[in-house]
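Novice: Residue-level listing of the chains:
2 protein chains.
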Amino acid sequence: MARWAPGASDRLQRAAMELFAEDGFEATTVAAIAERAGVTERTFFRYFTDKREVLFAGEEEFEGVFVDAIAAAPEGTSLNGLLVAALDAGGRVLQDLRGRDFARARNDIITANEQLQERELLKLAKLSRAVTAALVARGAGQVPARLAGDLVVSVFGAAFARWVAPGETRDLVELQRDGLAAVSELTPVEAG
Amino acid sequence: MARWAPGASDRLQRAAMELFAEDGFEATTVAAIAERAGVTERTFFRYFTDKREVLFAGEEEFEGVFVDAIAAAPEGTSLNGLLVAALDAGGRVLQDLRGRDFARARNDIITANEQLQERELLKLAKLSRAVTAALVARGAGQVPARLAGDLVVSVFGAAFARWVAPGETRDLVELQRDGLAAVSELTPVEAG
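Same order as they appear, the protein sequences are chains V and F.
Per this note's numbering, residue 1 is the first one in the first sequence, and the count goes up by one each step.
Per this note's numbering, residue 1 is the first one in the second sequence, and the count goes up by one each step.
In isolation and in its complexed conformation, chain V is listed as follows (with noise of 0.2 Å):
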């Protein structure tokens, strides 16, 4: 696919970004979008359906990492295990193949815009269901794999808001790790 135009993906999403941060969201249209990338705008629409796209390019991968992660933990590897193991796979990824600069700046986007937020949270609802899904094929309950399904993206997302936060130096993984820690806290431990 486009062999006349290599890396136009990647060019089209960093001058998407630069735009929306330079003059908002609203007021970017595709046209600028293409011409800094130096592409025409029949090139953009060829790799995204609209310039809100452009910030959720990704998204079955990064889904996939999650349920590739749990598709591969050993047999017999406990609920609890495969979760940390979606965990720590999803947040590897993120911080090597995009970074946190990347993830700054497009957390800034979404923040200043509802339309942008609420996309982001059918993102997150599509990861909660297809890690419920994937914990249901390793043989979890329904009630179980959806409550933890929810957990996996509410430990991501809090951690991510600490390490997008400005001065924060600690890995993502760690960040999630600590998260989880601090919902075993949460919870009532069966007396023995």
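Here are the simulated lysine to any residue pairs, SDA-like style, with alpha carbons at most 25 Å apart: (1) K51(V) with L121(F); (2) K126(V) with V93(V); (3) K123(F) with L116(V); (4) K126(F) with L124(V); (5) K51(F) with V164(F); (6) K123(F) with E120(V); (7) K123(V) with R52(F); (8) K126(F) with T111(V); (9) K123(F) with L124(V); (10) K126(F) with D108(V); (11) K126(F) with E185(V); (12) K126(F) with S184(V); (13) K126(V) with Q115(F); (14) K123(V) with E118(F); (15) K126(V) with V136(V); (16) K123(V) with A72(V); (17) K51(V) with E118(F).
No wet-lab data here; the hints were simulated from the structure.
Place chain F on chain V using the hints.
Specialist: This is chain F only, laid out in the frame that chain V set:
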């Protein structure tokens, strides 16, 4: 307000729910809802912005039940105790004031329509933030409060789905307690 049309809000809500169930949400008009309720369209718009909002009437009061339970808990209540108080209060109000049949009918309508599912998702995200804010007001740290807000919504959502399932007879509050116990098994307990 509306002294000349006593119970109009309730009648409109009942009429809307009937029509949504009979004809589907999309095909139902405000005119048809008003007609079945025996009021004018003007009266409809005195109570609701649009037909979608009929399904989300009482949203703020419901949120207030969780928030008030947290605010009213005895001094020194643990974060775990506060979230249990919120869940118990919310679950009890839903089953006592609305009832399972109403909740089932509403759930069927929402499940059949993607736009309504997204609206429901926004409602639950708002509930999570309200619970978080109430917990912070009780002295909880930002991170545990956020995780607890998500947990309340997750446990409520999972228990609600069981509660409205065909043939289910258990209490919503009991199902929530059960869900919370399931979450405690998902999270690692620190070695002492």
